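Just so you know, the protein sequences line up as chains A and B, in that order. If you want the working numbering, it's the 1-based position in the first sequence plus 1375. If you want the working numbering, it's the 1-based position in the second sequence plus 553.
Derived by calculation from the structure, the hints in this document are not laboratory data. Heads up, some of the hints might be wrong.
To be verified - Selected chain B positions facing chain A (in silico; Cβ < 8 Å):
| id | residue |
| --- | --- |
| 1 | F557 |
| 2 | D558 |
| 3 | E570 |
| 4 | L592 |
| 5 | R596 |
Everything numeric in this text was worked out from a predicted model, so none of it was measured. Beta carbons: idealized from backbone N, C-alpha and C, even for Gly.
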Amino acid sequence: MKHPLASRLFHWGLILGFLPAAITGFIIWYKPESEDFANLAMRIHIIGAAILTVSAVLYSIFKLDRVVGFLRRIFSWDQRDLRWAMLQGGYPQKILFGINILVPPMGKMNSGQKIFGICLFFGGLILMLTGWVLYAFIPVAPKELVYWFDQAHLIMGIFLGLFMFVHIALAIYNWGEFLCMFVNGGTQPLEECKHHNPVWVAEEIEPVKGSGKAC
Amino acid sequence: MAHFDYVEKAVKVSRREFLGVIGIAGAVMWTGAYAVTDLVQDRNKYIKMRTAGLYKDDAKAKIRQSHNNLAVADVYKKFAQNPLSHLAEELFHTKYVNRTKLV
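From just these sequences and the hints, can you work out the full model?
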């Protein structure tokens, strides 16, 4: 079991919240001609933001151990992570030139995923905080603060919005992980895990009673 | 229900980590609540000051009706034709918004 039900539900919260919020965010930024269309986009943007915020709050309250585990993972860096990051996991070499190079073994998250995790953690907090201030407190907040919150929301939104498309593309590329998250109930065959996450398999999982071939 | 043989070892949250997470979350919420109440208090203060200023101006004013206001009469004479004209309605008329419960 790689992704328990609570984590998969939280991930669905991110999909249903962040994805529409990001797409409508780009639409609002582009400033469409039609006012009705802009209003509809803003309404969807706010609903997406609400779903995202509620998911994050509920997950943090009820699955604090998973949140702490996630934070430990994304902020744990050693020589292997740095070497993996320098080689970019060997993916460019593999995708562009068809060459398989040896990369350091990784845990549950590789260095790229850790970087994405760090960006998502801080970026998500910034987006939620600035977004709700812009939604609710513009008439009472100081103008300077609103200006800088607006800029921070825009820049972080563009950054994470583009990062999200990279995440989706890589998730589809890593098809086993995609199936694990969406189809196989959070489980992934042990052999695949040994290939992608050898340190995790060696150190962080333990057998449960029964038999089978998934982790 | 997916079948699986291995499960991730439970994440043990130490007291230090628990207090750290709760502390940061508490500090963020406390600061946010303080900032919001501060802003609202400030806003209330300015609304009250403005209200008091308007009442003071009204009390001091010699002309207290808009139809007696020479400047308004001049505008109608030179520019906006007469009260309730289309142009006057377009330019001057606003909608009433009840703000008595703001403070």
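Results for each hint:
no.	hint	result
1	F557	holds (5 Å)
2	D558	holds (5 Å)
3	E570	holds (5 Å)
4	L592	holds (5 Å)
5	R596	holds (5 Å)
Violated hints: none; the structure is consistent with every hint.
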